[in-house]
Amino acid sequence: DQQVKQNSPSLSVQEGRISILNCDYTNSMFDYFLWYKKYPAEGPTFLISISSIKDKNEDGRFTVFLNKSAKHLSLHIVPSQPGDSAVYFCAASETSGSRLTFGEGTQLTVNP
Amino acid sequence: DGGITQSPKYLFRKEGQNVTLSCEQNLNHDAMYWYRQDPGQGLRLIYYSQIVNDFQKGDIAEGYSVSREKKESFPLTVTSAQKNPTAFYLCASSKGRGGRDTQYFGPGTRLTVL
Numbered sequence: 035d036q037q038v039k040q041n042s043p044s045l046s047v048q049e050g051r052i053s054i055l056n057c058d059y060t061n062s063m064f065d066y067f068l069w070y071k072k073y074p075a076e077g078p079t080f081l082i083s084i085s086s087i088k089d090k091n092e093d094g095r096f097t098v099f100l101n102k103s104a105k106h107l108s109l110h111i112v113p114s115q116p117g118d119s120a121v122y123f124c125a126a127s128e129t130s131g132s133r134l135t136f137g138e139g140t141q142l143t144v145n146p
Numbered sequence: 104d105g106g107i108t109q110s111p112k113y114l115f116r117k118e119g120q121n122v123t124l125s126c127e128q129n130l131n132h133d134a135m136y137w138y139r140q141d142p143g144q145g146l147r148l149i150y151y152s153q154i155v156n157d158f159q160k161g162d163i164a165e166g167y168s169v170s171r172e173k174k175e176s177f178p179l180t181v182t183s184a185q186k187n188p189t190a191f192y193l194c195a196s197s198k199g200r201g202g203r204d205t206q207y208f209g210p211g212t213r214l215t216v217l
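Chains A and B, in that order, are what the protein sequence lines are. Our numbering puts the first residue of the first sequence at 35, with every later residue one more than the last. Our numbering puts the first residue of the second sequence at 104, with every later residue one more than the last.
Hints in this document: simulated from the structure, not taken from any laboratory. Check before you lean on any hint, since a few could be wrong.
Unchecked claim - Per the computed footprint, the stretches of chain B lying under chain A, defined by three or more beta-carbons under 8 Å from a beta-carbon of chain A, are: (1) 132-143; (2) 147-159; (3) 195-203; (4) 206-214.
Quick caveat, the model's predicted, so the values are computed rather than measured. Think of the CB as a built atom: it goes at the ideal place given N, C-alpha and C, for glycine as much as any other residue.
Please model the complete structure; the sequences and the hints are all you need to start from.
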């Protein structure tokens, strides 16, 4: 039972354009969401998070949008840079939870 | 330098052998986690520990065992009962014990069982 799903295994964009990575969840108890970025043969690093009391959180080139009614969140990267090429994982947790549930990841490739 | 170390980076074992993966953190974090990454399956939680001498099973604990005798150490043993042990294993830690606490990951260990 995959409670967090990233339906696009890969995404390719041109440098300078917008990258939009999507994530859907099924557990209505999830109320905190995170994005992690991972380079090959390295551990993931935290990128940005959002609480369910918000619908948008911005940090520099990265913005996360949350649509609770659709159980959907997205990560926007503007402008995309070649160094953004990595696997991006969406993760979710419950208020009383002590763990994260991760999606399958999306491989982003930003072409120069 | 504060951080999480995992050793070794690459590990080879023969089928049927148990193997222990090391994870150490000097961040003074309470909680520690073990994940497994397989292509197309994301990060799946094996075990986690919120406090010394206590740990809980994650989603795929079968064939694995852990211990948490010290706050800074959370070794994972991959036993011969694990049917598909070849994978990339990631250890993480967080200051707090909740899902809202940012998890910091180590560099990972790639285990190959021959």
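Problem - Outcome, coverage of the segment 132-143 of chain B by chain A - at least 3 residues whose beta-carbon is closer than 8 Å to one in that chain - result: holds (count 4)
Problem - Per-stretch coverage check for the segment 195-203 of chain B, three Cβ contacts closer than 8 Å to chain A - result: holds (count 5)
Problem - Coverage of the segment 147-159 of chain B by chain A (three or more Cβ within 8 Å) - result: With 5 residues close enough to chain A, the hint holds.
Problem - Coverage criterion applied to the segment 206-214 of chain B (partner chain A; beta-carbon cut 8 Å; 3 residues) - result: holds (count 7)
Figure legend: structure checked against the earlier numbered hints; every hint is met.
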